[in-house]
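Q: Residue numbers (this note's numbering), protein chains in the order written: chain A, 1 to 77; chain B, 1 to 580.
For the record, the hints were derived by calculation from the structure and aren't laboratory data. Please note that the accuracy of each hint is not assured.
[Claimed, not checked] Pairwise CB distance ranges (calculated):
#1 A:77 - B:279: 47 to 57 angstroms
#2 A:5 - B:18: 55 to 65 angstroms
#3 A:70 - B:103: 45 to 55 angstroms
#4 B:374 - A:5: 54 to 64 angstroms
#5 B:260 - A:70: 46 to 56 angstroms
[To be verified] Going by beta-carbon spacing under 8 angstroms, a handful of chain A positions derived as facing chain B:
#6 5
#7 9
#8 10
#9 33
#10 36
#11 40
#12 41
#13 52
#14 55
Using N, Cα and C, we set each Cβ at its ideal position, and we do this for glycine too.
So you can see what is in the structure, the chains are spelled out below.
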Amino acid sequence: MNLKNLLARILDVDPGVINDGSSPENLENWDSFNGLLIASELEKESGVKFSIEDVIHVKNVGDIKKILDRYNIKYDF
Amino acid sequence: MLELTLSDYIIKAKKIESNFGKSIKLAILSSFTVNGLKEVLTVKCGEIKVSAEIYVAGYNQYRQELLDDNSNLYKFKPEIVYLLLDTRSILSELFFLPYQVNHQSRKKYISQQLKEIFSLVDGFTKKSDSKLVVTNLSLPTYSPLGIADEKVEFSLNDAVTYFNDGIKSRYLADDQVFVYDFNSFANRFGENNIFDPKMYYLGDIKISPDYLPYLVENFVSYVKVALSLNRKCIVLDLDNTLWGGIVGEDGFDGIQLSPQPPGNVYYEFQKYLLALFQKGIILAINSKNNEADAMKVIRDHPYMILRPDNFAAFRINWQDKVKNMEEIAQELNIGLDSLVYFDDDPINREMIKKYLPEVKVIDLPRDPSLYVRSLQSLNDFDTFQVTMEDQKRGKMYIDERQRREFQSEFSNLDDFLKSLNIKVTIKPGDSFTTPRISQLTLKTNQFNLTTRRYTEEDIKKFIGSDDHLVYSVQVEDKFGDQGIVGVIIINCEKEWQIDTFLLSCRVIGRNIEKVMLDFIINVAKKKQAKRIIGQYVATEKNKPCVGLYQDNGFQKNEDGLFVFDLLNNFFGPDYIKLID
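One chain only, chain B, in its complex shape (with noise of 0.2 angstroms):
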């Protein structure tokens, strides 16, 4: 991905619109020159349709701003926070002359650092609830031991990485600490090329200008991921995309698909693709083929890393690819804005920016060795932490497939019900699920009683208050384990309120809700409540539950409010397991 100079995006921020759908807080923290920074950010949250706003605190003054509870950042009330660090900052003169001293006074200095590093971390998320993101240092790459370095007990470098690992298993299962990786940065573009000695010197610029919109492209993933920006399925094309040439031509002998040049760029592209699936990216085709023909090369290829249990929808046909897009969409349940597209035929590709322009389209390079450096340069697929929900994910959506090849033999509905053998898990919620309980109230709309959309701060809260239950609903069947897909959040502190009730659209149409109701009744009766209240607050996309309460027993009031009297009883679906 080629980038626009600096000065082009202080233009553009300019005349940027300032009222798009979403917008977001941004502060910015650092310990050395980081102009354009903002500019730059503006205009990449516009590109996304988010109106960015955002404090850049002064020159270096990240300690006194973290710490001050009155600073400027504090009152801006930012919702993710960067704070860069760099290696020479942190390291002083240590970072000159490192070997002044001997290794345990160099272990002392670097372990004095993070431990201020951690204070102000630390202090910050006591008085604030915004996200934080610190970078990591990059690693130094020049030693005055030269290439004797590596003789040294405790090196620089080791100091760089012990201060490394140190701020990443602080934070490694914080939910409101992120730390990126700025090393990782540095080396993909080299310190040659990021650092800028002349500018260092004259202005104390430690990323140059022309570098300064890579690092920010990283900086938006944090963007997207808290606004539900992220993308979840990638759509692929066939030939020349998954494998070189054409298989209605070529033949399956034909193509070229090994490990060996010239297949073995198709070859390792599929394995990325094949990591990405793994960490919960769903797969799917839309082809201009034979469907025989390809599905053999799916199934039969010796070479073929991506096999028919990868993909969670298929459109192998000749119908135009614009209405398969939709079909793939409407399948998965997913919105046309969760797509990326990737194809070879720049034709195809502009078809689908014409009409269908949430999808993402990516500008395949035309040489097939660059497909894997623009599937790497993404950044659509980030969540905050790796939730077991995400990675199973995937595969979810090839059970979710079957499950409708199978529902196809039956003419009746509760037959196929009874043949899942489903079981409901409901628990309370703890620290382990509260990150997906989050997700779930911030993504669900369809099956969502009340739309209240609430961070992880809020949910831990509400399981450490006496006034609030909250409850996880997983969900598994003879095709697999769905996850957790809904969220019983009860408010309890004068009347037992249904304050959410929500089931992910993967699950609508199996009585699940039947089933939580059941338990929320059974429960109140064991706590001696004698009603349960509910409410429906009405949203552009909740009419899939706007009958949940009448249909079940609840009694409309005069005010709007559903009311199940605990002296009924309640019966769920039988042939559903309930486990609590």
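This is chain A alone, in the form it adopts within the complex (with noise of 0.2 angstroms):
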């Protein structure tokens, strides 16, 4: 799984512009649908279920890939 791409094609955006610093607050689209859309997509990619803590806690990119480590899910970037 590419994460770039992936939020890149959920978020409606060019891949080159995802960093981990990218949040809803610099991404117009990342509204909070959207980041449930994140949550989904990511669990059916990797079959893991994030708890619902794990996702109010996403400020972030770098806080998505914080979170797929601690899950040892495999992605490239």
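Got two chains here, separate frames each, mind docking them using the hints?
A: If you want it as structure tokens, here you go:
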């Protein structure tokens, strides 16, 4: 799984603009619904179910990476 | 059928072509978050070549939108409105604490909720001509009483059932409001799948994004019916489709077809097809086979469910299936875009897809035990109402096949027509025949003098007015009843003008039109009219009726209209019996 591509697809941006600091503050399409969609698609890609806490605490792409690492989910970036 | 993810749909929706041949305006109202629904609907309408313009009301704004005459909903002028309700929102506290009150209070509460929905819906139908699709509620799967829930009077489940029954019976005969059975949708996929607690707590999402596309697939049924994009006929292969094995090799006794495995998959698949036949879907066969072998099975096999009388056309031969398919459409006088094709052989399927893209080809799964499911997942055979005509249609096409076989015994058309014992019944339109009359004005292309399309609402207005006369024309003969196959609408506001004169292609060529003219002329004479004015509005398809008026004593005037002077007489064919 390529995380950048997955995010870019959902947020409708060029993968090149995505970095660890990307967040709802600096990406217009990252609203609360798309945040949930990101969680849902990552779950489907990895087969892992995140907790509600995991999802609430994501503030930016860096946080997503930390969660993926915590669950030992392999990904490219 | 496997669905794409919601984000795939969202991306596709952005890239979709915006100008298909047909278009429709849809609106979505809901009691919970339905982000993404619009995008899936856009894409799925695009797949059937329909440009959908979609309005989505704000989160949980359905009451305001429905009540306010000036709301964006009404300004948008939708053609179909979907109102999505959910059990939690409607039941409110009762959902969580159903048993803190007694059963009378539960009933009282749910009755009030029902009443509120009724008044919203009834208010809507006063303000708008749009169709309204309202979902029912999914039954709760949990009770704090556990296994004792079935021992309580008017339980939580009963309350939801009460709501669902109430909304169904209120709109049972309504031609504007339709209840979508959301409970059945929830059953099909299961609450544990469609309801994702995390999504619900974080975003009030009550249908998980993965399952939204399946719901939309069902919603598109209404679009297909509204735009007459539904299909009429299932064309079937035989070997390994209607029975297991190959009759030419395995023989009459060797094919798999019986109530026991492995023949039961085919045996039951045929039962599902028969049920569709009984609701009016035409069945036909397109198979590479020795005709005698195959017909022997269809006629004599003890476990064949579908018999010769269930098929409107047979093409059992060794010529190519594309040619057969074209011939079937021609013989039944329906478009290729009315056909759905079932064949286990992927090569045959590819051929049809390539050469006849209008035909919907079903990619049958390799495992025949899944045939039924693939049939069930189709949304091409829907109608808004179950009309008598629809139910009889399958049978009528078989009568037609027998009529054709009978005609070949005559060398002269008049002799043939005389021997048919045709009876034509012409009656003023009423609430019972209105849906069919509207359906004919919407669908008839060939023998249609003016091709004016009228909704049921339009027809109702005509019937209720003083200046229009609406008649339905029903035809039967020795082979069977063909139902209502013609419509006459007269505008007698100032003069006697034939606004609409049409005949279904099923009965063209039997002089029914002469009987209809005879009828109009007689009624006009009785009402002391001086003349009748007819009009022919040419379209791409209505050549078959170009000469109707000239051939029957009407004179063309300088405005291009056709005039019949009622001082003249007109005689319809004497071998057709007119009943009015």
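Q: Now, for every hint given, state plainly whether the structure supports it.
A: Hints, verified against the model:
A hinted range of 47 to 57 angstroms holds for the C-beta pair residue 77 of chain A and residue 279 of chain B, which are about 54 angstroms apart. Separated by about 27 angstroms at the C-beta atoms, residue 5 of chain A and residue 18 of chain B break the suggested range of 55 to 65 angstroms. The hinted window of 45 to 55 angstroms between residue 70 of chain A and residue 103 of chain B holds, with their beta carbons roughly 49 angstroms apart. Remark: the range hint 54 to 64 angstroms for residue 374 of chain B to residue 5 of chain A is contradicted by a beta-carbon distance near 33 angstroms.
For the pair residue 260 of chain B and residue 70 of chain A, the supplied restraint of 46 to 56 angstroms holds, since their beta-carbon distance comes to about 54 angstroms. Below 8 angstroms, beta-carbon pairs count as interface contacts, and residue 5 of chain A has none with chain B, the closest being about 11 angstroms; its hint is therefore violated. Contact between residue 9 of chain A and chain B, as hinted, is supported at the beta carbon level, the nearest pair being about 6 angstroms apart and thus within 8 angstroms. With a cut of 8 angstroms, the hint placing residue 10 of chain A at the interface with chain B holds, because the nearest CB-to-CB distance is about 5 angstroms.
Against a cut-off of 8 angstroms between C-beta atoms, the interface hint on residue 33 of chain A holds, since the closest Cβ of chain B lies about 4 angstroms away. Because the smallest distance between the Cβ of residue 36 of chain A and any Cβ of chain B comes to about 5 angstroms, under 8 angstroms, the interface hint for this residue holds. This hint holds: residue 40 of chain A has a C-beta 5 angstroms from the nearest C-beta of chain B, less than the 8 angstroms allowed. This hint holds: residue 41 of chain A has a C-beta 6 angstroms from the nearest C-beta of chain B, less than the 8 angstroms allowed.
Interface hint at residue 52 of chain A: satisfied, since its Cβ lies 5 angstroms from the closest Cβ of chain B, which is below the 8 angstroms cut-off. The restraint placing residue 55 of chain A at the interface with chain B holds, with a minimum CB-CB distance near 6 angstroms, inside the 8 angstroms limit.
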